[in-house]
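Visitor: What follows is each chain in one-letter form.
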Amino acid sequence: MVPPDVPVARAVLIAQDDVRRLCEFLYRRTGMSFDDSKRYFIDRRLAERIAATGSGSFQSYFATLRADAGHEIEHLVNAFTVNETYFYREDHQLRCMTSHLLSDLLRRKRTGDSIRIWSIPCSTGEEPYSIAMWLMENWSEVDNYNIEIVASDIDTRALKAAAEGIYGARALMRLSRDMIERYFERIDDGRVRIDPGLRDSVQFTQANLVDGPDMTRYRDFDIVFCRNVLIYFDDTSRRVAAENLYDCMRPGGYICLGHSETMSRISPLFSVCRYPEAIVYQRPEATDDGS
Amino acid sequence: MPFIKRGASTPVTESKPGEATAPHIAALSSPDAEMRWGAARALGGVAAAVPVLAAALDGEQNPRVREAIMTALMRIGDEASVRTLLPYLRSQDARQRSAAIETLQALPGAVEPFVAALLGDADTDVRLLATELARNMPPKHATLVLCDLLKKESHPNVCAAAVEVLAEVGTRDALPTLKACAERFANVPFLPFAIEATIARISSTES
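Heads up: the sequence lines are chains A and B, in that order. Numbering of the first sequence is given in our numbering, commencing with residue 7 and proceeding in unit increments. Numbering of the second sequence is given in our numbering, commencing with residue 31 and proceeding in unit increments.
Any given hint could turn out to be false.
[Unchecked claim] Not the full set, but computed from the structure, chain A residues with beta-carbon under 7 Å of chain B:
hint	residue
1	149
2	152
3	207
4	241
5	249
[Claimed, not checked] DEER-style ranges, computed between Cβ atoms:
hint	chain 1	residue 1	chain 2	residue 2	range
6	B	78	A	238	28 to 38 Å
7	B	59	A	143	49 to 59 Å
8	A	63	B	223	21 to 31 Å
9	A	194	B	170	56 to 66 Å
10	B	128	A	290	12 to 22 Å
11	A	163	B	56	35 to 45 Å
Worth flagging that the hints you see were computed from the coordinates, not collected in a lab. All figures in this text were calculated on a predicted structure; none of them were measured in a lab. From the three backbone atoms N, C-alpha and C, an ideal C-beta is built for every residue, glycine too.
Using the sequences plus the hints, can you model the full thing?
Guide: Here it is, written out as structure tokens:
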């Protein structure tokens, strides 16, 4: 008997070489890198796009993609990016922050100094609140320094939602019941609101990463979380954003990008720092006026 | 909580008003690298600043400021910007060559009129680098200029670079030229091998 899913599987049959071509294309256009271990992830999203465009075959779809017909590149990138955000997403970077980055930064600070952390784009607030919660839970020095968390996004609707701090169950999926009890209050139909004290600990502002004059409002950040946004930019915008971010950071400050992003392909301004938990990028500590 | 409360500090400063370009142009020749960096960034997108950016790039030694000047030219992205960048494809400094090619790659429309000439350049290295500029061109046009190159190119490394680009963007129109190239370079085994793979790849695509 033929299993019911065979026709679907046949319809999206994709050869290894096709996958490689697609991955090369994606890498060149976005810097997103996928290897064979992600084959299931790739096949599934690729099959979705082939079906959505009515292409019928990889060859037909790839021609559509290369011509960028109907903004297919953007659709493909969206399909390959997990747009949904949630608390403690990519928490290996949060772990890296408390295991390595902060201790390095503290070498240049005195007790009572401020530590400035920036979440951009912050979307609906899950990331900046996660940073605050993670620090409360995992960093013993948290009471010895003034920690400023600024969270910015270009989308004012997202900022409004972030400031309200109301979330559904999906956003909380990585949090333990104990964490939810501690940092949220239940409101209605399964939704929760973040603790008022935590909500007031994050300053939300509108910002555009590629707008130079706008970005001059932001300076002296020690750690920047700028995840899963640069992949949407073209080469020029990526470079402008990288230069803007450089200016927004203190010398020696760190920047964390999304797992599929790499600063090395965008700009040589930052140094690569490899830690067991994550690869992050650092604005060089010394001035470079060695001209 | 140890966090600074909303409104308790001034982490966000007032936005700077729009500034005229003249001070930035002057600052491009400042002895202070930070001033030059700021000036180059402020002149991004200012088409009239191309000549001063070009002059600044010529003498600039600080890598960060050079990067900012390149980005400024990339943001302007006109023919004058491209003409400013093209000479760096001949630089003896690999970093300068790479920076120039990366910047030019981001300007496919402005670069396109120059690609055929670059692919016919007397300098092997320039021809090799120029194949990368075809990568972002429309497939039919990229195929055309790269096939023109392959028909007369004598250096196998340049051919290999063109073949690699064709593997990604080439159309079926490239197949006869690729086959002829493989025959012409039968004594350079890696090239027929690469061409065979490229032909297989292109053949599997729809025309």
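Visitor: Each of the hints needs a verdict: does it hold here or not?
Guide: Structure-based check of each hint:
Hint on residue 149(A) holds. Least Cβ distance to chain B is approximately 5 Å, under the 7 Å limit. At a threshold of 7 Å, the smallest CB-CB gap from residue 152(A) to chain B is about 5 Å, leaving the interface hint in force. Satisfaction of the interface hint for residue 207(A) is found here, the shortest Cβ-Cβ separation to chain B being roughly 3 Å, below the 7 Å cut-off. Satisfaction of the interface hint for residue 241(A) is found here, the shortest Cβ-Cβ separation to chain B being roughly 4 Å, below the 7 Å cut-off.
Because the smallest distance between the Cβ of residue 249(A) and any Cβ of chain B comes to about 6 Å, under 7 Å, the interface hint for this residue holds. A hinted range of 28 to 38 Å holds for the C-beta pair residue 78(B) and residue 238(A), which are about 30 Å apart. A hinted range of 49 to 59 Å holds for the C-beta pair residue 59(B) and residue 143(A), which are about 52 Å apart. A beta carbon spacing of about 27 Å between residue 63(A) and residue 223(B) agrees with the range 21 to 31 Å that was offered as a hint.
At roughly 58 Å, the beta-carbon separation of residue 194(A) and residue 170(B) lies within the given 56 to 66 Å, and the hint holds. Between residue 128(B) and residue 290(A) the Cβ separation comes to about 20 Å, which falls inside the hinted range of 12 to 22 Å. Between residue 163(A) and residue 56(B) the Cβ separation comes to about 42 Å, which falls inside the hinted range of 35 to 45 Å.
The structure fails none of the hints (numbered hints given earlier).
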